[in-house]
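Visitor: Spelled out, the chains give:
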Amino acid sequence: MIQSILVALSSLGSGGIFLFTQGLPNLVMLIVGGVLLWLAVKKEVEPLLLVPIGFGCLLVNIPLGEMMDKGGILRFFYDVGIITEIFPLLIFVGIGAMTDFGPLFENPKILLLGAAGQFGIFLTLILALVLGFTELEAVSIGIIGACDGPTAIYVTTQYAPQLLGAVSVAAYSYMALVPIIQPPIMRLLTTEKERTIRMPMAQHGVSKTTRILFPIVVTMVTGLIAPKGLPLMGMIMLGNFLKESGVVARLSGASENEIANIVTLFLGLAIGGTMEGHAFLKAQTLAIFGLGFLAICLDTATGIMFGKLMCFLSGGKINPLIGAAGISAYPMAARVAQTQGQKYVKRNFLLMHAMAANTGGQIGSVMAAAMMLSILTGMGLV
Amino acid sequence: MDKWTFGVSVTIVGMGGTLVTLWLLSLVTMALKKIFPPPEASAVSKGATKAGGTK
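Those sequence lines, one after another, are chains C and U.
Residues in the first sequence are numbered consecutively from 1, following this note's numbering.
Residues in the second sequence are numbered consecutively from 1001, following this note's numbering.
Don't read these hints as lab results, they were simulated from the structure.
Take every hint as true, because none was put in to throw you off.
Pairs of lysine-lysine, DSS-like flavour, derived with a Cα cap of 30 Å:
#	chain 1	residue 1	chain 2	residue 2
1	C	Lys317	U	Lys1034
2	C	Lys109	C	Lys228
3	C	Lys317	C	Lys346
4	C	Lys282	C	Lys42
5	C	Lys282	U	Lys1003
6	C	Lys343	C	Lys109
7	C	Lys317	C	Lys109
8	U	Lys1033	C	Lys308
9	U	Lys1034	C	Lys308
10	C	Lys228	U	Lys1033
11	U	Lys1033	C	Lys109
12	C	Lys208	U	Lys1033
13	C	Lys308	C	Lys193
14	U	Lys1033	C	Lys317
15	U	Lys1034	C	Lys208
16	C	Lys193	C	Lys317
17	U	Lys1034	C	Lys109
18	C	Lys70	C	Lys282
19	C	Lys193	C	Lys346
20	C	Lys109	C	Lys346
21	U	Lys1003	C	Lys228
22	C	Lys208	C	Lys317
Just the calculated beta-carbon pair ranges, DEER-fashion:
#	chain 1	residue 1	chain 2	residue 2	range
23	U	Asp1002	C	Val382	17 to 25 Å
24	U	Met1030	C	Gly246	19 to 27 Å
25	C	Gly316	U	Glu1040	29 to 37 Å
26	U	Met1030	C	Leu48	31 to 39 Å
27	C	Leu12	U	Asp1002	50 to 58 Å
28	U	Met1001	C	Pro227	19 to 27 Å
29	U	Lys1034	C	Phe349	20 to 28 Å
30	C	Ile262	U	Val1008	38 to 46 Å
Chain C regions said to be covered by chain U (calculated; three or more residues, Cβ under 8 Å):
#	stretch
31	115-129
32	367-375
Glycine residues also receive a C-beta, built at the ideal position from the N, C-alpha and C atoms.
This is chain U alone, in the form it adopts within the complex (with noise of 0.2 Å):
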């Protein structure tokens, strides 16, 4: 393989990667954040369903 092939290829498929990878992870950290939410806004996630519930 020559230089130009080698670094063409290591630069479209370690970029392409990179980007993929971080994409990726930033689509888990928001599934986490819905499946997770935090302790306030689950409160008054439950509180509404209650008083919805109540009603």
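One chain only, chain C, in its complex shape (with noise of 0.2 Å):
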């Protein structure tokens, strides 16, 4: 009897007496979980996100809880959203139904910029490249710089899903850092002058029709172009369709709050349950945040470069610090730029044009991830 109530005490503490003797980078990451946990509830960091990500960082570092093991109730979100694709999927319906391409309307030759804020996602494959990562790792690491975190994990998930952990928390943190990130560049990039440049805030109204049509042609001219990135602007754009056409407001609103709420909560825990200590903790990670750091700055300077061409060929009519919002870290670029321009003139309104810049930026990364799958089933790689 004594001896069969020692054998049920023994098991217990198990965890514990893991943790302290062969867990240290089990250790590390609770650590880390903890101050996923804090950024996210104390200083407001992306905490939709970071939240699930960072609990699950913690339930799976616990040793022992086998939760993302065989039958662990982590690893059945992992493989039924995440290797699926289903989840980054689902959140781009809600994405697409968030969003309102309204100030794209305005001035459609805006969306260039989008193009060029995804330029710093190539030179970071480059970078990856010479940096000894395999061609599909380079491909995830570098679309960090998409500044689109259903993006990162859609390409990763395909390509490189042994850096699926690193790859999404460094694109979750960064979008969360736009704002400390690109200021300093935008002001080394651009002159007082191009800074002072005021864009007028122009109204004139979108038909009906034309915001219909709109997720429809770009569904059909992206999906014609580079087939393979379909599933991604497919979902987008059948979101703000969904909203768009007026006769769904059901389906529209449960897009963009039941199921994306839902879908986020199960994906940034099965992000989360990537990130076990012994696997996460590498030499390779740091290398991954440093270089989708890389990607961001890169991202903001060419976009900023576009625009000062865009100015240059406007004859000074466009502020090349709307260049900085073609990424896609919605809508917070776009209200780093509009506080940039009022710093130097109070009454610049550059919003309406930032967001012009910042939707073409969802709209680019996109389409370049889309680019790059489609280039690498050509190539015979995946």
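Fit the two chains together into the complex; they arrive one by one in their own frames, and the hints show the way.
Guide: The following block contains the structure:
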């Protein structure tokens, strides 16, 4: 009897014993998980994502909990939603339903800034190759520069699932840090004269037909050019069509609220589940964070340089600051452009134009990913 | 294919393709705006045509 009680007792606390004997990486990751939760709760840094990611990170790093082993709940979320790529795609439907392309219709040429803001993806890809990552890993790292969490998750799941934790945490962290990362680059690359360029508030209005046809046309054009990216663009445009059609308010509402919220919870937990200490704590992870940071800096820089080009070609009518909003971090990047513009001219309202560049950046980032998916398939690498 | 060739090829085709696609989309969007002007704008232009016809 006493023997069986002792045996039963010996099974308790085994997680703690493991943690303090062989679990140093887990201990470090428990601290990382705690930091993520602190950032989310105290600093309100991307709380919708960092709370489930941080908690998932805690869960998976408590030894012998087997949350990510076969049959574990985190493993289940991972297998059901990430391996199948369903979670990021469902999030895209919600993003589409939340996005208003209205500002873009006022000046469609600004869409080009959304393309320029993706250049960092490709430069980072080359740098990752130089650092010794494989082709498919380099593509997954470069895509951090899309500044678009679901796109990064979708591409990484396909090409380098072993990097999923690092890539997605880097993507979401840097998205949240856009207001800190971008302003110094904006100041460095623009002259004071350029920063003070006023852009008039154009409000010509757009017909409902145009708004309804836009997602269909974008889906068709991009789908025909880069078919492998159709799941990404198709879902974002489906969400936007639900919203603009005006006849399925319940579906549109569900996409941007209930579905997006539920999927975000499971997606975050599953990503946190990939952050197990022994697998996550590698020099490679640090390199991914460094390259991801560089990707976003390069995106910002190329967006601004393209903005300067458009400024020159338009005879000084375009403020290059809005070029920095040509990334996908919506609507943070647009707000940064507005804030920076108003630092120099109080009554300079760049927000609508920056929003146009920002929504262009959303389309641009998905298009860049679609291009990569199609090119790699064409090259026979996948 | 070596890594350098791969990186440069993906960059040229990927970035070029993204730029061209978004340029195409901007053209299509401008065309949509022209074909389907907002109600006030179309009402104004119809009114103008009507007035011109009366004269």
